[in-house]
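Asker: The listed protein sequences derive, respectively, from chains B and X.
All residue numbers for the first sequence refer to this note's numbering, where the first residue is 3 and numbers rise by one.
All residue numbers for the second sequence refer to this note's numbering, where the first residue is -11 and numbers rise by one.
Just so you know, the hints here were simulated from the structure itself, not pulled from any lab data.
From a predicted model like this one, the values you see are computed outputs, not experimental measurements.
C-beta: ideal position from N, C-alpha, C; glycine also.
Keep in mind that a hint or two might mislead.
These stretches of chain B come out as covered by chain X in the derived footprint (C-beta under 8 angstroms, 3 or more residues) [said to hold, decoys possible]:
| no. | segment |
| --- | --- |
| 1 | 10 to 21 |
| 2 | 24 to 33 |
| 3 | 69 to 77 |
| 4 | 101 to 109 |
With a straight-line Cα cutoff of 27 angstroms, these simulated DSSO-like cross-link-like pairs (lysine-lysine) come out [as the list claims (entries may be wrong)]:
| no. | chain 1 | residue 1 | chain 2 | residue 2 |
| --- | --- | --- | --- | --- |
| 5 | X | K58 | B | K94 |
| 6 | X | K58 | B | K28 |
| 7 | B | K28 | B | K94 |
Facing chain X, according to a computed beta carbon distance under 7 angstroms, are these residues of chain B, among others [said to hold, decoys possible]:
| no. | residue |
| --- | --- |
| 8 | M44 |
| 9 | L46 |
| 10 | L97 |
| 11 | G98 |
| 12 | G115 |
| 13 | I118 |
| 14 | G122 |
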Amino acid sequence: MSISTTTLCLLIATVFCTSVAQVFQKRAAIGLTGRSQKSTRMSLILNVDVLASVLLLGSGLLLWLLVLARTEVSVAYPLLSINYVIVLVCAKWILGETIPIHRWVGATAIVAGIFILLSGTPI
Amino acid sequence: MNRSLYALIFAVAGGALGQLLMKAGVQGLNTGTVGEFFQSIVASPTAGLFLLCGLSLYAAAVPAWIIALKRFDLSFAYPLLSLGYLIVYIGAFYWPGMEESITWQKTIGLSLIVVGVAITAQTAAPGKWTVTQ
């Protein structure tokens, strides 16, 4: 692969932060069901899940800026789609969800796409 | 329904545009050490501005995404989010000063990812998929 070790480590750290942030985003979305429009806006600002998500995204973004300075954005941004695969694996092995086989097919396509992106451009 | 659709479009486009702005902010900066990196941000007249705009737009996309998820299934929302990759791909090509390449390798890799996301995000409705694991 034509990616430096440092950049790869920064990328992995970024993905970790954004993955966990998405978990909190989902928690926030679940907590909002059944609310009226007006109470949604206020509760979003004070919501703990939203704040945690924003904090994690802040850390992730800091790391991400370092990655961005070292890579092309059209290559780096799609690499974040590894999140989908991570969430899928966590759902299966940590939450014990039953995964329909088409999800593994999709995950394979994502990983293949990431591999092709990483191996091509010198970054 | 309309407001949620606007929220979804804003989340996707805002995320992509935010990334392009952030890249515009950090390109050409010193990435030797973290300290040098932040020093070069302060030293550049435009870096801070682009970064601020990009970060603000990206941060605004987060609550928009959550609002959109209230109404839309992930099986619909996620594939649209991955279209943001295409916006960035084309935007980075045309962005003055950035001019990132359009290559077959990138196109194939990106297409695989977009298709992969679309497939992964689909729900397992009864009768739709018969094999489970």
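Asker: Take the hints in turn and mark each one as holding or not.
Answerer: Going through the hints against the structure:
With 0 residues bearing a CB less than 8 angstroms from a CB of chain X, the segment 10 to 21 of chain B misses the requirement of three and the coverage assertion fails. Under the rule that three or more residues need a Cβ within less than 8 angstroms of chain X, the assignment of the segment 24 to 33 of chain B holds, with 4 such residues. A stretch counts as covered by a chain when three or more of its residues have a beta carbon under 8 angstroms from one of that chain; for the segment 69 to 77 of chain B and chain X the count is 7, and the coverage holds. Only residues whose C-beta sits within less than 8 angstroms of a C-beta in chain X count toward coverage, and the segment 101 to 109 of chain B has 9 of them, enough to reach three; the restraint holds.
Taking the CA atoms of K58(X) and K94(B), the gap is near 24 angstroms; set against the 27 angstroms cutoff, the hint holds. A hinted pair counts as satisfied when its Cα atoms are at most 27 angstroms apart, and K58(X) with K28(B) qualifies at roughly 10 angstroms. As the CA atoms of K28(B) and K94(B) are separated by approximately 17 angstroms, the hinted pair is consistent with the 27 angstroms bound. Of the supplied interface hints, the one on M44(B) is violated, with its beta-carbon coming no nearer than about 12 angstroms to a beta-carbon of chain X, more than 7 angstroms.
Taken as an interface hint, L46(B) checks out: its beta carbon lies about 5 angstroms from the nearest beta carbon of chain X, inside 7 angstroms. Restraint check, L97(B) versus chain X: the minimum CB separation of about 15 angstroms is more than 7 angstroms; hint violated. Using the Cβ-Cβ criterion of 7 angstroms, the hint placing G98(B) at the interface with chain X is not satisfied: the shortest such distance is roughly 13 angstroms. For G115(B), the shortest C-beta to C-beta distance to chain X is roughly 3 angstroms, which falls under 7 angstroms, so the interface hint holds.
Annotation: interface hint on I118(B) holds; nearest CB of chain X at approximately 4 angstroms, less than 7 angstroms. Given the 7 angstroms rule on beta carbons, the hint for G122(B) holds: about 4 angstroms separates it from the nearest Cβ of chain X.
Checked against the numbered hints listed earlier, the structure breaks hints 1, 8, 10, 11; every other hint is satisfied.
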